[in-house]
Amino acid sequence: MVNNEMLSILGFVEDEELLSKNIADFYFEAHTREKLIAKYDISPKAQIKNKEIKFKRKDGSPIWILMTAKAIKNKDYKTESYDGFIIDITNKKEDQERLNESNNHLSAFVDASSNMIYIKDENEKYLNVNKSLCEFINKSKDEIKYKRDEEIPNNPFHLASTASPKNVLTNDTIIRKTVQIKDRIFELSNFPVTVAGKLRSGGIYSDITEQTKQEKIQHFLYEISELSFTENSLSNYLGKIHQGIKKLISANNFYIALYDSESQEYSFPYCVDACASYPENYSSELRGSLTDLVRRNKIGKIFVGKEQEQVYADSNEQVIEEPSAVWMGAPIINKETNQAIGVIAVQDYTNQKAYSDNDLKILEIITHNIGIFIRRVKYIELLKRAKEQAEESKLVYESLFNENASAMILIDAKNAKIEDANQSACNFYGYTKQEILTLFIQDLSIDPASLVTNEINKTAKCGNFSAEYKHKLANNEIRDVEVFSGKIMLHGKSFIYSIINDISTRKKNELEIQRLYSAIDQSLSPIALTDLKGVITYANPGYCYTSGYSKEELIGQSTSIHKSGETPKQIYNDLWQTILKGEIWSGEITNKKKNGELYIEQVNISPVFDENHKLLQFTKASRDITKELKIKKELIEAKENAEESDRLKSAFLANMSHEIRTPMNGILGFTSLLQDSDFTGEEKDEFINIIKQSGDRLLNTVNDLIDISMIEAGQIKISKTELNVTKQIENLCSFFKPEAGAKGIQLEFITESENNDLVMETDEAKFTSILTNLIKNAIKFSMKGTIQIECECLEGRNKGHAKFSVKDQGVGIAHDKLDRVFNRFEQEDITNSKSYDGSGIGLTIAKAYVEALGGQIWVDSEKSKGSNFQFTLPLSSMTQTKSIIDFQSQNEEQSDKNGIKILIAEDEKAISKYLSIILKDISREIILAKNGAEALEIYSNQRDIDLILMDINMPVMDGYEATRRIREFDRNIPIIAQTAFALSNDKEKILASGFDKYISKPIDKNKLINMITALKP
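Here the sequence shown is numbered in UniProt numbering, starting from 1 and rising by one per residue.
Everything labelled a hint here was simulated from the structure, so no lab data went into it. There may be inaccurate statements among the hints.
When the alpha-carbon atoms are kept at most 20 Å apart in a straight line, the in silico DMTMM-like pairs for lysine to aspartate or glutamate are as follows [stated by the list, open to error]:
(1) 433 / 412
(2) 58 / 95
(3) 1016 / 996
(4) 592 / 553
(5) 1016 / 970
(6) 353 / 183
(7) 93 / 121
(8) 306 / 357
(9) 378 / 231
(10) 909 / 934
(11) 378 / 226
(12) 301 / 314
(13) 865 / 816
(14) 58 / 15
(15) 54 / 25
(16) 593 / 628
(17) 301 / 226
(18) 216 / 583
(19) 58 / 88
(20) 901 / 944
(21) 563 / 531
(22) 508 / 468
DEER-style ranges, computed between Cβ atoms [unchecked claim]:
(23) 142 / 35: 28 to 36 Å
(24) 525 / 252: 30 to 38 Å
(25) 623 / 512: 26 to 34 Å
(26) 298 / 552: 54 to 62 Å
(27) 856 / 623: 45 to 53 Å
(28) 682 / 741: 40 to 48 Å
Everything numeric in this text was worked out from a predicted model, so none of it was measured. All C-beta atoms, glycine included, are put in the ideal place defined by N, C-alpha and C.
Generate coordinates for the entire structure from the input sequences, incorporating the hints supplied.
Printed below as a string of structure tokens:
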């Protein structure tokens, strides 16, 4: 039995009609059924599932069905009948066949393409490649498929930069870039493509080598086209042409020969040749030469080797040209007369294949521009000459003006009325001469009248002017024109002459070129187009993203919108000079984003030209390298800082070790010698003196370290008092004279007043430290001569300041080391093999104190001739006094008259003993206490004690606590603090804790006695 659907599929109407048929009759090929029965009838299941079979309908037409059937078997396992169903899949099969045919056609098309085409999977393995790609890398498809680039031997694509398939699939867009493989340049387009239901990465390599070369040629040709209208010097013009053509063809041997029809000789305004040279003003007939042949035939020509010899032989002339491997020349044609006025030629002495027909075409275009230049210069010279001779010969002017092939008009500079026009101008604009002379220049220009008037005024002032305009012809047609204008005087009246060139075709080509650059919109790199003034005309998404501006905000803005002020002006000057010459500029520029953030770009700016080599616009491509440079800078700085830190640390430790160990060695060594009784008294006195000197040196080092620690910690405190500066300097001179004299050095103090002393308000300790360090420094670095100390009050703009100087005749300082002398731990050279005693921080301390007191310090020095250290300090107030009290003498005098009772609180026995000895002469009794508690008990019981010398750091009870308790019942007893601490904040704390005076260890005898004398009741 059958259903209606089966009747319909097989083309029957009644089931009786179909039931009379054998199913075998419907197989398009009989053997197909036999094979099916043989395969499936003997199987255990004896069934067919979804088998595609070709049937035929009642009318014999083919039909494809999808059959599912099962054999019905009897008990003997023999097939009695079949049960199943069919589905019409004819349309599906036909679609599949058409698809296969289409794929075959597409594959053939891809294989026939000259572009190299491939498809890769997500692992960058080739799934398919076309014939062109196989031929390029000289591999078969089987050698390429299912391999990555690096797995294919001698594969030039291995090093080529291509887009990752993952990036292509992720972005779902076309990624284009330019790559160079071998000696060819390709544009690579990567795009997503679906293969067998899966998204893959496709790529097309388009060979743009010739296109790139043509672009360079177009660039050069545009540049010389510009030069033809801007350059006025023939030698400069030809020199620039030579430099430009060398970038395109072999042109190391290059010359221009201009022909004079009257003398029938050639002159050489420009010639650079390895085998030939022509002196200035040289001329020759050159009969029978290649140059003469090209000029006479007015056709460019390439002559190789023997072809040159044949030309020379045919001429029967004695030729002076040097034979070369290949010679190429083109005639310079005067378009007005159609006469060859010269020849431009290049030649190569080694390579016969140096030039091609394309190279000859380039040379011919150059000769065209040279002809334009010569005519333009000639016109300018003739017009200038006509200006000078206009009063004498109107006919000359009319000849130059009226018979000129270029459109020329003469304009009244005052009212812009057209006063004259040559026939070429009438022909161009479509007016008769009578009609055009009734017009004003504003009638020809479509620009506003005010703008045209401004241009006329500008030309009248500047003398020469050129610009592009749109002019309207008599038939209302609008043409683009380029106008060259200049000022001329005729009959004492000012006129503007203008030469008009039709550039409509060129402008049209410029617009066409602009459209070609639309492809850059797909680039992720920042790219922008600007006009010749730097106004942005286009910005791609990458440019907008980097700068932070939208496209709408950028268009119409100058690129100066990105200026940060960080890029030197000279870089911008160089940039503009380069690109306006038609050259590519590359460099780094610091720009500013919309949000004010600064960023550094690697920028490449390229010129864009039209077919006539006129500069149209600029293309800017850039890359943000801010992070890259920052990381590089940080690494360099970190390295330099680490090296400098290690150097200073090592130098400091070495210097401190020397400055501490050396005097300590003297102290310990000679102390041990004093314990030996074998030495005489004179020798022991010498030992004691050495111990004293070593102790002083060690004390100087400790004091320097304390001072520099205060400076580094920012703990410089200024305490100003009235100071007799003159007397203080005299005291210092007296103090240092023995040390200077021991070295044969004379110490002098020079002051501007012999009778009066200079008194100023300053910090006595800081002032003394400054001069002490400078004087010690001068003595240290001097072997002989004189050290002069000067003091003077300044006038003029420095009024209110005093200047001090310490000038020596010592070793001096090299000029390149002057900026280091005030650095910590350095003498003139920290690595010098001959160093001097000292911590190396004296000048650092002096500089810090001078600046803290509101002054300045500097040094003038010359190697081997000495140094002059100078500093200034402000005079807060200044007085002159004729009598100064000598407190030291007075105190000593008083000390001799009376003896006092002194309590010494000190836990160190050596110091107690030392103090008892040095105070013996001024005391009637000395009482010792080992700590603050004992001192408190002693003074409580002996109130006749006149003065207490209290150590700060003691066991049981320190000096602070003991003094506080004493002050509870006696606020008048003088108490002097003694301590090894010497920082300024320690001094302030001590004086604020009830002490009357303060003295630092090691204790100086005279200083302590003066202090006690001043406090003695």
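Verification of the supplied hints:
| no. | hint | verdict |
| --- | --- | --- |
| 1 | 433 / 412 | holds (16 Å) |
| 2 | 58 / 95 | violated (23 Å) |
| 3 | 1016 / 996 | holds (11 Å) |
| 4 | 592 / 553 | holds (15 Å) |
| 5 | 1016 / 970 | holds (16 Å) |
| 6 | 353 / 183 | holds (18 Å) |
| 7 | 93 / 121 | violated (29 Å) |
| 8 | 306 / 357 | holds (19 Å) |
| 9 | 378 / 231 | holds (13 Å) |
| 10 | 909 / 934 | holds (15 Å) |
| 11 | 378 / 226 | holds (17 Å) |
| 12 | 301 / 314 | holds (17 Å) |
| 13 | 865 / 816 | holds (15 Å) |
| 14 | 58 / 15 | holds (13 Å) |
| 15 | 54 / 25 | holds (12 Å) |
| 16 | 593 / 628 | holds (18 Å) |
| 17 | 301 / 226 | violated (26 Å) |
| 18 | 216 / 583 | holds (10 Å) |
| 19 | 58 / 88 | holds (14 Å) |
| 20 | 901 / 944 | holds (7 Å) |
| 21 | 563 / 531 | holds (18 Å) |
| 22 | 508 / 468 | holds (14 Å) |
| 23 | 142 / 35: 28 to 36 Å | holds (34 Å) |
| 24 | 525 / 252: 30 to 38 Å | holds (37 Å) |
| 25 | 623 / 512: 26 to 34 Å | holds (29 Å) |
| 26 | 298 / 552: 54 to 62 Å | holds (55 Å) |
| 27 | 856 / 623: 45 to 53 Å | holds (47 Å) |
| 28 | 682 / 741: 40 to 48 Å | violated (21 Å) |
The structure fails hints 2, 7, 17, 28 (numbered hints given earlier, in ascending order).
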